[in-house]
Amino acid sequence: MENTIVKISNLVKRYGDLIALDHLDLDIKEGEIFGLLGPNGSGKTTTINCLLSLLSFDKGSIEIFGKEMTPVSYDIKKQIGVIMQNVAVFDQLTVYENIDYFCGLYVSDKQKRKALVDEAVEFAKLGDFLKFYPKKLSGGLLRRLNIACGIAHKPKLIILDEPTVAVDPQSRNKILEGIKQLNSSGATVIYTSHYMEEVEQLCTRIAILDNGKKIAEGTKDELKRMIKNTETIRIEILGLEETHLKEILALPHVYNCNYDGSVLTVSCSGGKHNLIRILGVLQEHDIAFGRVYSELPTLNDVFLEITGKVLRDKGNEE
Amino acid sequence: MFFHDLKYFIKCGLRSQDLMFWLILFPIALGGFFKVAFGDLYSQITDTSPIPVAVVSEKENQIFSSALESVSGSDDSFLDVTFTDRDTAAGLLKDGKVTGVISSGDKVSLTVAENGLEQTMLKEFVERFRLNEKVISDAASSDPTKIQQAVSALSSEISPVKNVKAINGNSDVFVQYFYNLIAMTALYGTMLGLKICVENQADLSPLGARKCCSPVPKIKGLSAALCGCFILQTLCMVICVTYLVFILKIDLGNRLALVYLASIAGGITGVAMGFFVSSIGSISERMKSGITLGVVMFLCFLSGLMVGNMKGVIAEKAPWFNKINPAAVISDCIYCLNFYSDYRRFITKMLTLAAMTLIFSALGIFMTRRKKYASL
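Top to bottom, those sequences are chains A and B.
Reminder that position 226 of the first sequence reads as 226 in the working numbering, one-by-one numbering, no gaps.
With positions in the second sequence counted from 1, the corresponding number in the working numbering is that position plus 318.
Treat the hints as calculated values from the structure; they're not laboratory data.
Predicted model, so just to flag it, every value in this text is computed and none were measured.
Glycine included, each C-beta is placed from N, C-alpha and C at the ideal position.
Mixed in with the good hints there might be a few duds.
Incomplete in silico selection of chain A near chain B, CB under 8 Å [stated by the list, open to error]: (1) Pro-71; (2) Tyr-74; (3) Lys-77; (4) Ser-262.
Using the sequences and the hints, build the whole thing.
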């Protein structure tokens, strides 16, 4: 049986009247890449800050590696690597010095540290920029430096809080590949993001947070099974009439049908051969059609359906 | 871990352009500005050569003759006296060969051709003589042997500059600006103190958050940072004093080693004060920086950095404040070295600085050591 690395039980965090975390429970197993997904203000970063004992909380408990996490749990902290949302490096130190400094907070042996720093440099592909100061680095390189500083000491648990914000696609891919590499070398990863495709590509298990509550948890497939939509069919078509739409909507497993004058979109829930049945209706009425697409639900569909299909930003709302 | 932290803290500090500007370049620039602004006055007031004066003796005045004798006749005397007649004296004055003409008779009077520092000092001398003439005269009539004693008392009053020169120090009002400049530089150490807070508190910066996640006990991190600040500020103070003394040639007296010591102690107090002030409250780094700098400038203003006699005004209205104002204590500390021949006051001021450093550091650590934050 897999070991539980992080156990969060009944966690409650309030900011005055606002409940940031509402009785949150999480179990993160060894070797997982665990995704914390949620809209802005859903409580992802608050969860991470509580986990790291930076934030006080009102109720609940947090255990890491089977021990209670407190601000003075130095033995636990030694095994954690943190990559915060905001880049946290010294502008006055070079790339190499920054990695060496942060690694030195965890590893005091100089020789061992040098080897670790060299590995981190190699991992983040920063070898050509060792003597650069952070201000001279591009956004992507800066993010990679931020990650290198957080993982140089080879932690067993790596916490990444939206590490790819404002990063170009190439750098983002490099970062995601790096995270997979870290995971395959034995590290458990907690990854927060609101980029669905990243989480879908990366995470083995995902929890969706909304308003401080965990509203869903499971693997990608488990989450996709939680929503009504299992298939979306799009057909380029002209001259469709209301009666045809009613006929399609009456087909088994079809629960929604939209026509905008050029594309028919049909949402199906479960069942097989949905596309064949829809095309059968069109052929029956001798209706010509163009390109046909059949899409399985993405994590984005899951996220939008579960969290309410509305983009939210707490800061703007309040 | 401690030395690792310390090494990188010092590296960061030395490479921080902002810090180096405020801690080294700005005081150097301001010192240069003071020197240019006060240079002429400074050279006049520190000019120790006697003031040339013509004396026209219209009638024998034994008391005045004795007074003149006591303030002239040697290289470090107050006056360089030329006895002559009225016409020659007028010519000398017109040609600028003497600063003034003193006529002695029943009444002592002074004639000067223009206004200036030396003329003011001559005027002061004559006025003080007039004020004391009756006292000396009475003393002479009751006991002629006391005349010299009374005249000596008068001569010791006539020029604070000359009196101070007797202990080889320099306490003129313009040097006070440089004392205050040293105090200001010392208190700019508050910026280093602020750096400690920012880099060690999770609610002030991402760096603080990252450090709080590390397995380094906070007290260890804070101690390394404080030591780093003390070293950096010591370096800045040494550069500042060296620049004033050896480049600008400001006379800070002949107890230079103690001037360095006082400046370094002041700098360390400045760091501790900054650490304490910036550890109060949970506001943004920018706000803390503004408040810290505001406090420093206010304390420097009250110690006379901007207005020369401000410290005197405070001494009159609220004397206790000068005893706890770090800027005033630092400048007083250096002033004491030049003004008093003993070390009692200097030691008192140094102990005050040490106490302030300890209190500020302890309170700063107490407030920064908090383990968890209510919000980030």
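Verification of the supplied hints:
1. Pro-71: Pro-71/A check passes; min Cβ-Cβ to chain B is 3 Å, inside 8 Å.
2. Tyr-74: Holds: closest Cβ of chain B sits about 4 Å from Tyr-74/A, inside 8 Å.
3. Lys-77: With Cβ-Cβ at 4 Å, under 8 Å, it holds.
4. Ser-262: Since chain B brings no Cβ nearer than about 49 Å to Ser-262/A, farther than 8 Å, the hint is violated.
When the structure is compared with the earlier hints, a violation turns up for hint 4 alone.
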